[in-house]
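Chains A and B supply the protein sequences, listed in that same order. Those letters in the first sequence? Residues 1 to 471, per UniProt numbering, in order. Those letters in the second sequence? Residues 1 to 471, per UniProt numbering, in order.
Be a bit skeptical, because a hint or two may be false.
Stated by the list, open to error - Quick list of in silico lysine-lysine cross-link-like pairs, DSS-like style, CA-CA up to 25 Å: (1) A/Lys332 <-> A/Lys375; (2) A/Lys375 <-> A/Lys155; (3) B/Lys265 <-> B/Lys155; (4) B/Lys451 <-> B/Lys211; (5) B/Lys52 <-> B/Lys38; (6) A/Lys265 <-> B/Lys301; (7) B/Lys367 <-> B/Lys390; (8) B/Lys433 <-> B/Lys155; (9) B/Lys265 <-> A/Lys265; (10) A/Lys459 <-> A/Lys211; (11) B/Lys375 <-> B/Lys301; (12) B/Lys52 <-> B/Lys32; (13) B/Lys375 <-> A/Lys205; (14) B/Lys390 <-> A/Lys301; (15) A/Lys211 <-> B/Lys433.
Rather than coming from a laboratory, the hints here were simulated on the basis of the structure.
Protein chains: 2
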Amino acid sequence: MADSLNCDLKSLSPLQLFERVTEQGEKVRALKAGKAPKDEIDAAVRMLLSLKLSYKTTTGQDYQAGLPPKDLVLINNGTTKEEDEDLVDPWNVQTSNAKGVDYDKLIGITLPSLLLRNLCKVILMTTETARHHNKSRSKHHRDMDQILDAYENKKPFYLYTGRGPSSQAMHVGHLIPFLFTKWLQEVFDVPLVIQLTDDEKYLWKDMTVEKAYEYARENAKDIIACGFDINKTFIFSDLDYLGTSAGFYKNIVKVQKHVTFNQVKGIFGFTDSDCIGKISFPAIQAAPSFSSSFPQIFNGKENIQCLIPCAIDQDPYFRMTRDVAPRIGQPKPALLHSVFFPALQGAQTKMSASDPNSSIFLTDTPKQIKTKINKHAFSGGRDTIEEHRKYGGNCDVDVSFMYLTFFLEDDDRLEQLKQAYTSGELLTGELKKVLIETMQPLVAAHQERRKQVTDEIVKQFMTPRKLAFEF
Amino acid sequence: MADSLNCDLKSLSPLQLFERVTEQGEKVRALKAGKAPKDEIDAAVRMLLSLKLSYKTTTGQDYQAGLPPKDLVLINNGTTKEEDEDLVDPWNVQTSNAKGVDYDKLIGITLPSLLLRNLCKVILMTTETARHHNKSRSKHHRDMDQILDAYENKKPFYLYTGRGPSSQAMHVGHLIPFLFTKWLQEVFDVPLVIQLTDDEKYLWKDMTVEKAYEYARENAKDIIACGFDINKTFIFSDLDYLGTSAGFYKNIVKVQKHVTFNQVKGIFGFTDSDCIGKISFPAIQAAPSFSSSFPQIFNGKENIQCLIPCAIDQDPYFRMTRDVAPRIGQPKPALLHSVFFPALQGAQTKMSASDPNSSIFLTDTPKQIKTKINKHAFSGGRDTIEEHRKYGGNCDVDVSFMYLTFFLEDDDRLEQLKQAYTSGELLTGELKKVLIETMQPLVAAHQERRKQVTDEIVKQFMTPRKLAFEF
Numbered sequence: 001m002a003d004s005l006n007c008d009l010k011s012l013s014p015l016q017l018f019e020r021v022t023e024q025g026e027k028v029r030a031l032k033a034g035k036a037p038k039d040e041i042d043a044a045v046r047m048l049l050s051l052k053l054s055y056k057t058t059t060g061q062d063y064q065a066g067l068p069p070k071d072l073v074l075i076n077n078g079t080t081k082e083e084d085e086d087l088v089d090p091w092n093v094q095t096s097n098a099k100g101v102d103y104d105k106l107i108g109i110t111l112p113s114l115l116l117r118n119l120c121k122v123i124l125m126t127t128e129t130a131r132h133h134n135k136s137r138s139k140h141h142r143d144m145d146q147i148l149d150a151y152e153n154k155k156p157f158y159l160y161t162g163r164g165p166s167s168q169a170m171h172v173g174h175l176i177p178f179l180f181t182k183w184l185q186e187v188f189d190v191p192l193v194i195q196l197t198d199d200e201k202y203l204w205k206d207m208t209v210e211k212a213y214e215y216a217r218e219n220a221k222d223i224i225a226c227g228f229d230i231n232k233t234f235i236f237s238d239l240d241y242l243g244t245s246a247g248f249y250k251n252i253v254k255v256q257k258h259v260t261f262n263q264v265k266g267i268f269g270f271t272d273s274d275c276i277g278k279i280s281f282p283a284i285q286a287a288p289s290f291s292s293s294f295p296q297i298f299n300g301k302e303n304i305q306c307l308i309p310c311a312i313d314q315d316p317y318f319r320m321t322r323d324v325a326p327r328i329g330q331p332k333p334a335l336l337h338s339v340f341f342p343a344l345q346g347a348q349t350k351m352s353a354s355d356p357n358s359s360i361f362l363t364d365t366p367k368q369i370k371t372k373i374n375k376h377a378f379s380g381g382r383d384t385i386e387e388h389r390k391y392g393g394n395c396d397v398d399v400s401f402m403y404l405t406f407f408l409e410d411d412d413r414l415e416q417l418k419q420a421y422t423s424g425e426l427l428t429g430e431l432k433k434v435l436i437e438t439m440q441p442l443v444a445a446h447q448e449r450r451k452q453v454t455d456e457i458v459k460q461f462m463t464p465r466k467l468a469f470e471f
Numbered sequence: 001m002a003d004s005l006n007c008d009l010k011s012l013s014p015l016q017l018f019e020r021v022t023e024q025g026e027k028v029r030a031l032k033a034g035k036a037p038k039d040e041i042d043a044a045v046r047m048l049l050s051l052k053l054s055y056k057t058t059t060g061q062d063y064q065a066g067l068p069p070k071d072l073v074l075i076n077n078g079t080t081k082e083e084d085e086d087l088v089d090p091w092n093v094q095t096s097n098a099k100g101v102d103y104d105k106l107i108g109i110t111l112p113s114l115l116l117r118n119l120c121k122v123i124l125m126t127t128e129t130a131r132h133h134n135k136s137r138s139k140h141h142r143d144m145d146q147i148l149d150a151y152e153n154k155k156p157f158y159l160y161t162g163r164g165p166s167s168q169a170m171h172v173g174h175l176i177p178f179l180f181t182k183w184l185q186e187v188f189d190v191p192l193v194i195q196l197t198d199d200e201k202y203l204w205k206d207m208t209v210e211k212a213y214e215y216a217r218e219n220a221k222d223i224i225a226c227g228f229d230i231n232k233t234f235i236f237s238d239l240d241y242l243g244t245s246a247g248f249y250k251n252i253v254k255v256q257k258h259v260t261f262n263q264v265k266g267i268f269g270f271t272d273s274d275c276i277g278k279i280s281f282p283a284i285q286a287a288p289s290f291s292s293s294f295p296q297i298f299n300g301k302e303n304i305q306c307l308i309p310c311a312i313d314q315d316p317y318f319r320m321t322r323d324v325a326p327r328i329g330q331p332k333p334a335l336l337h338s339v340f341f342p343a344l345q346g347a348q349t350k351m352s353a354s355d356p357n358s359s360i361f362l363t364d365t366p367k368q369i370k371t372k373i374n375k376h377a378f379s380g381g382r383d384t385i386e387e388h389r390k391y392g393g394n395c396d397v398d399v400s401f402m403y404l405t406f407f408l409e410d411d412d413r414l415e416q417l418k419q420a421y422t423s424g425e426l427l428t429g430e431l432k433k434v435l436i437e438t439m440q441p442l443v444a445a446h447q448e449r450r451k452q453v454t455d456e457i458v459k460q461f462m463t464p465r466k467l468a469f470e471f
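Isolated chain A (complex conformation) (with noise of 0.2 Å):
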């Protein structure tokens, strides 16, 4: 049947095949849903898998949720829509449903991993906000139609994004924005800054120089162990890479000579106290926000948009970015805010890698994982076994379910889990065994990815070179 089956497909336009995939995924999530025989489910999930065989072997891509193929994204620009169903991809977000886009029903169907179920909702809403409403009532986004437009237009755009190297252990948390930005960069096919501050860790903490850029490059082994491609993407860290561009200084010292101290101490609360290594530091932050911080890259090219996927705690150092440029006679970066990841204790603070119980590191053994969450990971659930039988688990606070929602693959068991905590079915230690049984795979196999990423690898990454783009 498969064979006879993609002789038919053959016949069909990669656009076509696409669409098809999407359809008999939500035919596998509606029987799922409507808990149809098992037979018949198994069937259609052979079905599925043979007609994404099939878009394999015809684009040479992987079928990829939400990612029509390359050439054909702008097709379905809102003009095709049909009744009651809800088109998404990157780039336009439409429904007819009254209460909006049904996103974990559109992300739970098509999207490679739900790891990134949180991120994407981001992205959708994002454009969704920049399509359809006013732009200065979306918290989610800066300019977003501009990448968009950029995108459209064909003109070119770059991805910048960054970490703090404070500590040689990431934790899980520190994995989103990473995740984020990299489905970002498959979806638009644009090259990729990750700016790896060990100058700023050095000025705010107890920390030497050559430590604060020895995390730099350990944290870099994090980043490259996410996937990210070699030939798109560079990754640098200030104490190294400002000794090697002359073009990144000078928009550091065009930035710099544009604001004020009254404006850091606005923006950043610093006093009168604070050393001028800190107050300067945002400049150093804003300039990789332009693309003639990038010679190599971008072929001396200025005026090279720039798009921002970064943590919300970020926002202050690019609207004042945003102020700056254009009176340096850049663009303005635009920005997409991804999610905060809760630590362990709840989902009020963020997760710090400096309380090594605070998270799950991506160092951690699977005695370690096993021992934070049972001890750490705050609980929705009741006083007593009693109680918790009698009136159930609150998911909405229980740290345990949360980090489900970002790493459980499979959409029914977090739903059957959800039901079954909240009826008081479930009791917290057994959704902890869950989460502990979920997580120890997954940094085991970070582990070991990140093995494979060599000091060479590192250095490839890390040196200023031309990307696989043309400029």
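We have chain A; now place chain B onto it with these hints.
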């Protein structure tokens, strides 16, 4: 006679020869001062020239006043002074005269050019202070004794000076610290780094980054035209070099971590309305004081002592630097202050490159020089010719006379001019004419040397590289 003299002299050691030259120089001066018959003076001068030739043949070096042959400089280290004699070299200043060292006498005889008169006074006073007085009482240097100790102990050190390229045209006053520095480099035979703070000028002035960099390169030509040794001197623009040396940026960020806004506010008078570039700039002027900013010169070695010859208005930067140095594990740079060169309008103000009438510029034509001196040089003469003839002029405030003390080669002529002006015999216009006739060929000669400085030579001076020293 000269031949037989040379035969006798061949048996003398370099130091003995040095002393014979010095003695003969003193004899010539005494004869001149005593108005001896012309033929007697001429004979003494011929003997002096023969002695100098013999000194050159023996040592392979030109005789230089105050600079005994290299390996012998320490013989007279305060242990061999005789009664009623001044013993002066760059490392010793001693006198039995109650009125102190007769600088004019010493310098008048022995220094290669009177242009250096005032500069050398500073270093002589400085070394005297360092050797014999309470260090804190000196306003002319900081820790010069450490440099002398380093020299005595054959420990390496280096010179660092700089210039803010605020305009394309430098004036004659700008030459003073560079000629001072050149003399120091020849005395000590050590590497020299010259910082052009084009970033500073961009931050402070209404000027583009490109223009500031252009000025830096143009100013480099004038500096090179002073005659610096290309094998021993590295000239750098901040805008350029910061992007080619990770060592430099690391030192900048180290300084920036150890200086607060409160401190720079106190030292430089910054306010909350100043841009963050100005606020952090002092670290950029501080960093070249540390040898690790120049790994290419010092083979990556840290902690090599630095001596900074500079105008006294730069002292605040280096007071700050000296405060920070021990806290970042670096030696404090030593300082030597050169004197200010007065503006044409009077000694109260420094020349300014931004006011074309405040000074004689190195680009001025003979006509411009004439006009400026006649029109703007502040006169110490009387209001009317009658009064001037009766009461005489005041050399202490007459700018034309002050300039002549820097630029007139002939000591006796200078003394004659002083007496004639003070007595009223010489009128202001006549004194100005002497200055005009002195400055016109001097500036023309500089312009001629500057013409020889090609872009290629500038590029060589400004290329980070190993110099002619082993570290």
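Hints and how they fare:
1. A/Lys332 <-> A/Lys375: Roughly 45 Å between the alpha carbons, so the hint for A/Lys332 and A/Lys375 is violated.
2. A/Lys375 <-> A/Lys155: Violated: A/Lys375 and A/Lys155 sit about 51 Å apart, past 25 Å.
3. B/Lys265 <-> B/Lys155: Measuring from Cα to Cα gives roughly 36 Å; hence the hint is violated.
4. B/Lys451 <-> B/Lys211: Holds, at roughly 21 Å.
5. B/Lys52 <-> B/Lys38: The given pair, whose Cα atoms are some 21 Å apart, holds under the 25 Å limit.
6. A/Lys265 <-> B/Lys301: Since the Cα atoms of A/Lys265 and B/Lys301 sit roughly 38 Å apart, the hinted pair is violated (cutoff 25 Å).
7. B/Lys367 <-> B/Lys390: Status violated; Cα separation ~32 Å.
8. B/Lys433 <-> B/Lys155: Status violated; Cα separation ~49 Å.
9. B/Lys265 <-> A/Lys265: holds (15 Å)
10. A/Lys459 <-> A/Lys211: holds (17 Å)
11. B/Lys375 <-> B/Lys301: violated (53 Å)
12. B/Lys52 <-> B/Lys32: Distance of about 19 Å is within 25 Å: holds.
13. B/Lys375 <-> A/Lys205: violated (60 Å)
14. B/Lys390 <-> A/Lys301: violated (72 Å)
15. A/Lys211 <-> B/Lys433: Roughly 65 Å separates the two Cα atoms, so the pair is violated.
Checked against the numbered hints above, the structure breaks hints 1, 2, 3, 6, 7, 8, 11, 13, 14 and 15 and satisfies the rest.
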